[in-house]
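J.: Take a look at the letters that make up each chain.
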Amino acid sequence: MTDPASVDWAAYVDSTASAIGLAIDPACRAGVVANLERIAQVAQVVNAVELVDTDEAAGVFRP
Amino acid sequence: MTRPIPAGDTGNGDGAFALQGAASIAAAVREGRVSAREVTEAALAHIDRRNPEVNAFTEVTRTRALAEAAAVDAAVRRGESPGPLAGVPYAVKNLFDVEGMVTLAGSKINRERPPATADAAAIRRLSGAGAVLVGALNMDEYAYGFSTENTHYGPTRNPHDTTRVAGGSSGGSGAAVAAGMVPLSLGTDTNGSIRVPASLCGIFGLKPTYGRLSRAGGYLFVGSLDHIGPLARSASDLALAYDAMQGPDAGDPVCAQRPVEPTAAQIGRGIEGLRIAVADGYFSRPMADEARAAVQAVAHALGATQRIDVPEAARGRAAAFLMTSIEGSLLHLPDLKSRAADFEPLIRDRMLAGVLAPAQWLWQAHRVRRYVRERALKVFERCDVIIAPSTPMSAPPIGTEWITLEGERMLARPNLGLFTQPISFLGWPVAAVPVARAAGELPIGVQVIAAPWREDLCLRVAAHLERIGIAAAPAVLSA
Chain Y
1 MTDPASVDWA AYVDSTASAI GLAIDPACRA GVVANLERIA QVAQVVNAVE LVDTDEAAGV
61 FRP
Chain C
1 MTRPIPAGDT GNGDGAFALQ GAASIAAAVR EGRVSAREVT EAALAHIDRR NPEVNAFTEV
61 TRTRALAEAA AVDAAVRRGE SPGPLAGVPY AVKNLFDVEG MVTLAGSKIN RERPPATADA
121 AAIRRLSGAG AVLVGALNMD EYAYGFSTEN THYGPTRNPH DTTRVAGGSS GGSGAAVAAG
181 MVPLSLGTDT NGSIRVPASL CGIFGLKPTY GRLSRAGGYL FVGSLDHIGP LARSASDLAL
241 AYDAMQGPDA GDPVCAQRPV EPTAAQIGRG IEGLRIAVAD GYFSRPMADE ARAAVQAVAH
301 ALGATQRIDV PEAARGRAAA FLMTSIEGSL LHLPDLKSRA ADFEPLIRDR MLAGVLAPAQ
361 WLWQAHRVRR YVRERALKVF ERCDVIIAPS TPMSAPPIGT EWITLEGERM LARPNLGLFT
421 QPISFLGWPV AAVPVARAAG ELPIGVQVIA APWREDLCLR VAAHLERIGI AAAPAVLSA
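Chains as they are written, first to last, in my numbering: chain Y, 1 to 63; chain C, 1 to 479.
Bear in mind the hints are in silico, worked out from the structure with no lab data behind them.
We put the beta carbon where it would ideally sit given N, CA and C, even for glycine.
Mixed in with the good hints, there may be bad ones.
Here chain C is said to cover these stretches of chain Y; the calculated rule only asks that three of the stretch's residues, wherever they fall, bring their Cβ under 8 Å from a Cβ of chain C [said to hold, decoys possible]: (1) 4 to 16; (2) 20 to 28; (3) 47 to 56.
Here are a few chain Y residues that face chain C, going by a calculated C-beta distance under 7 Å [claimed, not checked]: (4) I39; (5) A43; (6) V60.
Here are the simulated distance ranges between beta carbons [stated by the list, open to error]: (7) Y:D14 / C:A71: 54 to 64 Å; (8) C:T63 / Y:T2: 51 to 61 Å; (9) Y:Q41 / C:R467: 43 to 53 Å.
The whole structure should be built from the sequences, with the hints applied where relevant.
T.: Here it is, written out as structure tokens:
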């Protein structure tokens, strides 16, 4: 995963929000970017786990 | 200053029976020493007196409570068994459906929804056991928080010191029990939302194994991680309520197809033969003196000298954080698009960020859960029960943004769940146990953790700690 510090999260927020049709109040934008950066840092920890193809998620759907 | 009521003292008419435990109330009602109506009226009167200061209740179900009490009294008069929780007043976090009431889930938005048409499964089971529902309790909006500083309904205040938080997200559930307004409440726990308020309010709580108790009729936060469970002032009351709620339920896709495994008759068996260890590694990271002292006191009392590392706890917590941030937000995407301003200001930006996260982060977190599970379960080859801190500190003042623990500065609100989050991620059962404190000291608790489906061991150790005087949860009449 790319180092979160090198990503332009403000641009990511703008383009992704636009793609899913989410209008973000300009007053919230800086807070949203800061929160996404925090999530990205945590994602880096989780992405560091080296999984193999057989590491399946545990689903609970029971037909 | 706190004024705890000694065990067995009904407190001179001030709340009277409601201040006793669930088991003793139920026994008195069954034997006709008191009517369910008297108990209910005492509880309602105590709520009227105490709630304005504590702000635990968002609704009091007076009419329903008196009707349920009347039904219990009628059963007693007919000589029928009124149930193991006969006449026990209880209240539920306001994300549980209560027939005829709007399920708030701590939000302003859901207040516009129609009233629930049926009770949540857990309420049906408690009512079936004779318990009497007296109201619904405050929480963090959509259960997203550890402090119950709810902007729409006001913060719930800690009965031990009303300038401090009660913990969350089941803060009303913790405070109502700690203040003696009810002997029993229901909460939910996704990342620590039963165990955090139990610790900060100085009461017992049970987060059962993931999938043990039906969540049907409860408003979801993060379905992949959500649990429900009881809070009370003794381990035996937890066991009574927990036993009454067990059993499969087709209404909850996560609820396990397991038979009822009663615990109430087992919990007096003591700790003989149990291998008890203290969690090390991740669980020894910075915490306040009172948290470390609580773990040491409990470990010493149990003769637990083995220290054990729970593998992958840190990465487990990180994965739980991702699942919470993303799943917990995506549930609300339609409202985030149409009315973001109506969300709790403390979580709005986090929610808006969560819905924008790449799918890969969430999928990786789900796969990592299995990976962590397989490695972490190995600890139970070496021990049966693990002791860990519940919260890194006792209750902070309302409005606290930052805390510094052993020189490490961190955000206060998310880090109240520092030690609870890895365990709910694994789905293991935990009894949250309040450590006995000197008068005037703020409460704090520990987690008593066991392998999946071994709630009986958590409750046995909790009951033992209570019996030897290390754990205690006196009700607090006024701060």
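J.: Tell me, which hint numbers fail for this structure?
T.: Every hint satisfied by this model.
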